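Participant: Below, each chain spelled out in residue letters.
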Amino acid sequence: MKRTLLSCLITAVAIVTLLFLALPVIAIFAHTTPAHLVDQLSNPVVRDAFVVSLKTSVIAQALIVLFGTPTAYLLATRRFPGHAVAVTLVELPLVLPPAVAGIALLAAFGRLGLLGSTLDALGITLPFTQTAVTIAVAYVASPLYIRQAIAAFEATDPNLTAASRTLGAGPTRTFFRVVLPLAQGGLIAGLALSFARGLGEFGATIMFAGSLQRVTQTLPLAIYAEFDQNFDATLAMSGVLVLISVALLLGLRIGLTWQRSPSKRSLYLFGPSASG
Amino acid sequence: MSRGRAFSAVAALTIALSLVAGQASARSSAQITVYAAASLTDVFPKIDPAQKYQFGGSNTLAAQITQGAPADVFASANTTLPQQLFSKGLCSKPVVFTRNTLVVVVPKANLAGIRSVYNLAKPGVKLVVAGPGVPVGSYTLQILKNMNLSGSVLKNVVSRETDVREVLAKVALGEADAGFVYSTDAKTVAGKVTVVKVPAWAQPKVQYGICVVTKSGDKTDAQAFVKKVLSKRGQARMLQYGFLPRVKKKR
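Chains G and L supply the protein sequences, listed in that same order.
Those letters in the first sequence? Residues -8 to 267, per the working numbering, in order.
Those letters in the second sequence? Residues 2 to 252, per the working numbering, in order.
No wet-lab data here; the hints were simulated from the structure.
Treat each hint with caution, since some may be false.
[As the list claims (entries may be wrong)] Here are the simulated EDC-like pairs of lysine to aspartate or glutamate, each with C-alpha atoms no more than 20 Å apart in a straight line:
#1 Lys109/L <-> Asp111/G
#2 Lys229/L <-> Asp49/L
#3 Lys233/L <-> Asp219/L
#4 Lys188/L <-> Asp43/L
#5 Lys156/L <-> Asp39/G
Remember, predicted model here, so these are calculated numbers, not experimental data.
Given the sequences, and given the hints that come with them, work out the whole structure.
Facilitator: Written out as structure tokens, the structure reads:
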């Protein structure tokens, strides 16, 4: 009796939770016809925002991978004084309110910021530029990648790295041939999360980069700007973001499953690439 | 016993849910929610400190009211938006409760050397304006049109902000070289910005409209608030903050 009642209750609560989470997303697509949404995609505001978002996100993510991967590897494999501080620093943007991140970026890179005069001497002004959008995205999104990358590197079996070294592979080769393939799933998962977070960036961008169509107006900024003007356009842009987020989350699931299956890993490790 | 426990769990959940729901709909009888243009941020709480205020771009607020936001009073930086709500039956017939003028603000340092509106056309000036849907943004466009500067000045726009206070903040921080705001906004950060006047002949007609939202749960208090703004004391407060009398003096 107890069990059935309890399980009924749990099921009911779960249904309520899922409905609560699903309803807003369904509403975006239910509000207008799909044809109408597709129509809105040719709206110049929507198209320009999409291009700005995509461009800044891709560049920001490339920078995050390029700088974040070695940083994560270092933090995962070495213990040094100040290690905890470094990890905290990496995680900070994650919990920082985006508006605070925006102010912080202005205080650092703005015209009157800490590096303002230095940048000015080099002829660089960052606020209100597309570079500022990229910086804002990189700043708020990087923790998601680096944290996941640290976890992925920590999870790699040290015996395998040691084996690679005893078999005569140098540290560089070991990193690219053993460590990186082992951590790959986690890195991809981190990248997916970081990309999704970056695409949704709003607060830091509007404060640090402003909002101008074709230059700094990303999809979330355009959604806010069009909210009172053209509700259909905001729905279309929201739809695009929902679809991208779903795709990224699916990618994430796949990435994580891949990492969790050690059989595939070892096959790969002792397969053709290890002998190459 | 087991049934009792399950029931008490359900009961607790119901109570919790109704508390949450109650919170959302309950409203203390005396307090109303006023949706007001960002330029009224400083003066409205001085006219009536007891109410709840939501300040922002009038266009955003109007859109929120259209979507069913729980506002009792809507005070807009133009008459068009409340008039639109009125014609849709969403609020009472708006009345003009104050007027305003626009100025250009530049940071104290004034690196771009802006001394008149015409200087805004200089290449490389970083000009911040409000979006075209925001009242102050559309007034800005009118001024530039009146002065025949639309083309040359608009290409210097580096950002279109969501309300007048965002424009002001970007200039006060020194990140932008200049911005169009209301003269009343410029006064709030007097130490940080210098005012460049917009000639009187180029000024648009800036009238603020106020109305009681049709769906308001407390129309009596909402109307009382509107009366308070229109009252002698309310109007004196508006003047003290630099707003203009609601009726233009005839000469």
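Participant: Hint compliance check: list the failing hint numbers for this structure, sorted ascending.
Facilitator: 3
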